[in-house]
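Chemist: Here the structure of chain A is known, so what remains is to put chain B in place on it, guided by the hints.
Chains as they are written, first to last, in this note's numbering: chain A, 1 to 225; chain B, 1001 to 1121.
It is worth saying that the hints were derived from the structure and are not from the lab.
All of these numbers come straight from a predicted model, not from anything done at the bench.
Take these hints with a grain of salt, some might be off.
What the hints assert, rightly or not - Result set (DSSO-like, lysine-lysine): computed pairs, CA atoms no more than 30 Å apart in a straight line:
hint: 1; chain 1: B; residue 1: Lys1016; chain 2: A; residue 2: Lys44
hint: 2; chain 1: A; residue 1: Lys158; chain 2: A; residue 2: Lys18
hint: 3; chain 1: A; residue 1: Lys158; chain 2: A; residue 2: Lys92
hint: 4; chain 1: A; residue 1: Lys44; chain 2: A; residue 2: Lys158
hint: 5; chain 1: B; residue 1: Lys1014; chain 2: A; residue 2: Lys122
hint: 6; chain 1: A; residue 1: Lys44; chain 2: B; residue 2: Lys1014
hint: 7; chain 1: B; residue 1: Lys1019; chain 2: A; residue 2: Lys190
hint: 8; chain 1: A; residue 1: Lys89; chain 2: A; residue 2: Lys214
hint: 9; chain 1: A; residue 1: Lys122; chain 2: B; residue 2: Lys1090
hint: 10; chain 1: A; residue 1: Lys216; chain 2: A; residue 2: Lys92
hint: 11; chain 1: A; residue 1: Lys89; chain 2: A; residue 2: Lys151
hint: 12; chain 1: A; residue 1: Lys158; chain 2: A; residue 2: Lys214
hint: 13; chain 1: A; residue 1: Lys190; chain 2: B; residue 2: Lys1090
hint: 14; chain 1: A; residue 1: Lys18; chain 2: A; residue 2: Lys216
hint: 15; chain 1: A; residue 1: Lys122; chain 2: B; residue 2: Lys1016
hint: 16; chain 1: A; residue 1: Lys44; chain 2: B; residue 2: Lys1090
hint: 17; chain 1: A; residue 1: Lys18; chain 2: A; residue 2: Lys92
hint: 18; chain 1: A; residue 1: Lys158; chain 2: A; residue 2: Lys216
hint: 19; chain 1: A; residue 1: Lys122; chain 2: B; residue 2: Lys1019
hint: 20; chain 1: B; residue 1: Lys1014; chain 2: A; residue 2: Lys190
hint: 21; chain 1: A; residue 1: Lys158; chain 2: B; residue 2: Lys1014
hint: 22; chain 1: A; residue 1: Lys44; chain 2: A; residue 2: Lys92
hint: 23; chain 1: B; residue 1: Lys1016; chain 2: A; residue 2: Lys190
hint: 24; chain 1: A; residue 1: Lys190; chain 2: A; residue 2: Lys92
hint: 25; chain 1: A; residue 1: Lys89; chain 2: A; residue 2: Lys18
hint: 26; chain 1: A; residue 1: Lys90; chain 2: A; residue 2: Lys152
hint: 27; chain 1: A; residue 1: Lys122; chain 2: A; residue 2: Lys18
hint: 28; chain 1: A; residue 1: Lys216; chain 2: A; residue 2: Lys152
hint: 29; chain 1: B; residue 1: Lys1090; chain 2: A; residue 2: Lys18
hint: 30; chain 1: A; residue 1: Lys158; chain 2: A; residue 2: Lys89
Stated by the list, open to error - A short list of chain A residues far from chain B (calculated; beta carbon distances all over 10 Å):
hint: 31; residue: His95
hint: 32; residue: Phe104
hint: 33; residue: Leu117
To be verified - Quick partial rundown of chain B residues pointing at chain A, CB under 8 Å, derived from the structure:
hint: 34; residue: Met1001
hint: 35; residue: Ala1004
hint: 36; residue: Ser1005
hint: 37; residue: Tyr1007
hint: 38; residue: Gly1008
hint: 39; residue: Phe1009
hint: 40; residue: Asp1011
Ideal placement from N, C-alpha and C gives every residue a C-beta, glycine not left out.
Read off the chains here:
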Amino acid sequence: MPNSRMLTLQQSTRFFFKMLFWLPVTVFSLLLIYNTVPYFSFSKNFSFIEERSLLFENGVYHSSFYIHIFAGAFCILTALVQLSRIVLKKAKAIHRWSGRVYVFVVLFLGAPTGLYLSFFAKGSIWERSLFMFMASFWFISTFYGLTTILKKNVLAHKVWMIRSYAMTMTAVTFRVYHIVFYLLGWDHLKNYELSLWISVLGNMLIAEWIIYRKSKSYLQTFSTS
Amino acid sequence: MVGASIYGFVDYSKTKHNKRFSNLYRETETKEQAVVQPAIAEEEQSVSESKTEIPGVKKEAAKNGNVSKPAIVKKPVKQKIQKPRKISYKSFSRAPLREDVIEKTIKVEPVKKESVKTKEQ
Chain A
1 MPNSRMLTLQ QSTRFFFKML FWLPVTVFSL LLIYNTVPYF SFSKNFSFIE
51 ERSLLFENGV YHSSFYIHIF AGAFCILTAL VQLSRIVLKK AKAIHRWSGR
101 VYVFVVLFLG APTGLYLSFF AKGSIWERSL FMFMASFWFI STFYGLTTIL
151 KKNVLAHKVW MIRSYAMTMT AVTFRVYHIV FYLLGWDHLK NYELSLWISV
201 LGNMLIAEWI IYRKSKSYLQ TFSTS
Chain B
1001 MVGASIYGFV DYSKTKHNKR FSNLYRETET KEQAVVQPAI AEEEQSVSES
1051 KTEIPGVKKE AAKNGNVSKP AIVKKPVKQK IQKPRKISYK SFSRAPLRED
1101 VIEKTIKVEP VKKESVKTKE Q
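One chain only, chain A, in its complex shape (with noise of 0.2 Å):
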């Protein structure tokens, strides 16, 4: 049996490594919301927008890429308040208010937007498909996430929540990825891609190895019990 020592010492290194994760995590997405906030003055005086000028003259791209950037924005910091155990411990009613919020923007805004602004979206055809699939990610794993907890399955709603919340994440992964491959002085387009598929496909991988670990601990709950 660990002494009393030893279990300060493995709950003071798990409470480093959760820092060690969520500290950037945090950061970042305030960042990238702090950042989104200037879109809403809708000027068109942003390097994104005057790149895509053809694009935006589109009505429907133009709502739709305001629409996207709103949920996104929003479903970035909803996640923080929902994925915080305080909150899931202490305040319920919060976590159960902000889920339905959450479950709203993604199906109803962020993935149905995400998915038309996918076609027209920077890249080959990959990266189109790619944007494609992560719409529809998004979309089936929030849903999930959804109909398991009304079924009143919790972990299985944690599980497909995760999954949700790496979708919704490739939003700051990305830029995290992009901006350090361009300190290495890589082409712009070459960087642009391999940052997109590294911010996807790590993400999924992250969460999957995070579900491993959690589903771990619940099995073993069956052999000691």
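Modeler: Quick look at chain B alone, frame taken from chain A:
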């Protein structure tokens, strides 16, 4: 989702025939080439000028002792000023991270043409 995919596909089918759309993301690459091209053209022009000699004129100039040396062409130097790539909190946005660098790196010196008189009358 079905509606978005159908609408997206229909809109894409309409737009993909547009030339501006097919060149949409290539535009910045062509701009980069356009910056370099005039300098190269200038060089070619100056070289061709130095090569074109009219035989009658040259003989006459030799008689007078006023021989001009062939034009010395200084090749344009493409100085790539690789400024250190800096990032700020604003880099963490949707804006592409490339354009600033392209503008800063390409610098072409103007072509100078020199002709030297060997003997004056």
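Chemist: Could you run down the list of hints and mark each one as holding or not?
Modeler: Going through the hints against the structure:
Under the criterion of a C-alpha separation no larger than 30 Å, the hint pairing B/Lys1016 with A/Lys44 is consistent with the structure, at around 23 Å. Proposed proximity of A/Lys158 and A/Lys18 is supported: the alpha carbons are some 18 Å apart, at most 30 Å. Between A/Lys158 and A/Lys92 the alpha-carbon distance is near 15 Å, which keeps this suggested pair within the 30 Å criterion. Of the pairs offered as hints, the one joining A/Lys44 and A/Lys158 is violated, with about 40 Å between alpha carbons and a cut-off of 30 Å exceeded.
Note on B/Lys1014 and A/Lys122: the hinted pairing holds, with a Cα-Cα distance of about 17 Å set against a maximum of 30 Å. Only pairs whose Cα atoms come within 30 Å are accepted, and A/Lys44 paired with B/Lys1014 is accepted, the gap being roughly 24 Å. Between B/Lys1019 and A/Lys190 the CA atoms are separated by roughly 23 Å; this keeps the pair inside 30 Å, and the hint holds. Note on A/Lys89 and A/Lys214: the hinted pairing holds, with a Cα-Cα distance of about 18 Å set against a maximum of 30 Å.
Simply put, A/Lys122 and B/Lys1090 have alpha-carbon atoms about 21 Å apart, close enough for the 30 Å limit, and the pair holds. Only pairs whose Cα atoms come within 30 Å are accepted, and A/Lys216 paired with A/Lys92 is accepted, the gap being roughly 25 Å. The hinted pair formed by A/Lys89 and A/Lys151 meets the criterion: a straight-line CA distance of about 20 Å does not exceed 30 Å. Annotation: proposed proximity of A/Lys158 to A/Lys214 holds, straight-line Cα distance about 10 Å (limit 30 Å).
Annotation: proposed proximity of A/Lys190 to B/Lys1090 holds, straight-line Cα distance about 21 Å (limit 30 Å). At most 30 Å may separate the alpha-carbon atoms for a hinted pair to count; A/Lys18 and A/Lys216 meet this at roughly 18 Å. Note on A/Lys122 and B/Lys1016: the hinted pairing holds, with a Cα-Cα distance of about 13 Å set against a maximum of 30 Å. Annotation: proposed proximity of A/Lys44 to B/Lys1090 holds, straight-line Cα distance about 17 Å (limit 30 Å).
A hinted pair counts as satisfied when its Cα atoms are at most 30 Å apart, and A/Lys18 with A/Lys92 qualifies at roughly 22 Å. For the given pair, A/Lys158 sits about 14 Å from A/Lys216 by alpha-carbon distance, which is consistent with the 30 Å threshold. A threshold of 30 Å between alpha carbons decides the hint, and for A/Lys122 with B/Lys1019 the separation of about 16 Å falls inside it, so the pair holds. For the hint linking B/Lys1014 to A/Lys190, the alpha-carbon distance of about 28 Å falls within 30 Å, and the restraint holds.
In summary, the hint linking A/Lys158 to B/Lys1014 is not supported, as the alpha carbons are separated by about 41 Å, beyond the 30 Å threshold. A C-alpha spacing of about 41 Å is found between A/Lys44 and A/Lys92, which places the hinted pair above 30 Å, so the restraint is violated. This hinted pair checks out: B/Lys1016 and A/Lys190 have alpha carbons roughly 23 Å apart, not beyond 30 Å. Restraint check for A/Lys190 and A/Lys92: not satisfied, since their Cα atoms lie roughly 44 Å apart, outside the 30 Å limit.
A distance of roughly 17 Å separates the Cα atoms of A/Lys89 and A/Lys18; the hinted pair therefore holds under the 30 Å criterion. At roughly 19 Å between alpha-carbon atoms, A/Lys90 and A/Lys152 fall within 30 Å of each other, so this suggested pair holds. Distance hint between A/Lys122 and A/Lys18 is unfulfilled; the C-alpha atoms sit about 35 Å from each other, more than 30 Å. For the suggested pair A/Lys216 and A/Lys152, the alpha carbons sit about 21 Å apart, so the restraint of at most 30 Å is met.
Proposed proximity of B/Lys1090 and A/Lys18 is supported: the alpha carbons are some 27 Å apart, at most 30 Å. For a cut-off of 30 Å, the pair hint linking A/Lys158 to A/Lys89 stands: about 15 Å separates their Cα positions. At the 10 Å boundary, the C-beta of A/His95 stays outside the reach of chain B, the nearest C-beta of that chain being 26 Å off. The claim that A/Phe104 is not at the interface with chain B holds, since no C-beta of that chain comes within 10 Å of its own (minimum 14 Å).
The claim that A/Leu117 lies off the interface is violated: its Cβ sits roughly 8 Å from the closest Cβ of chain B, which falls inside the 10 Å cut-off. At its closest, the beta carbon of B/Met1001 sits 6 Å from a beta carbon of chain A; the interface hint therefore holds under the 8 Å criterion. For the restraint placing B/Ala1004 at the interface with chain A, the shortest Cβ-Cβ distance is roughly 4 Å, inside the 8 Å limit, so the hint holds. The closest approach between the C-beta of B/Ser1005 and any C-beta of chain A is roughly 6 Å, which is under the 8 Å cut-off, so the hint is satisfied.
With a least beta-carbon distance of about 6 Å to chain A, the hint placing B/Tyr1007 at the interface is held under the 8 Å criterion. Look at B/Gly1008: its Cβ gets to within about 4 Å of chain A, closer than 8 Å, so that hint holds up. Taken as an interface hint, B/Phe1009 checks out: its beta carbon lies about 7 Å from the nearest beta carbon of chain A, inside 8 Å. Below 8 Å, beta-carbon pairs count as interface contacts, and B/Asp1011 has one with chain A at about 7 Å; its hint therefore holds.
Going through the hint list in order, the structure does not satisfy hints 4, 21, 22, 24, 27, 33.
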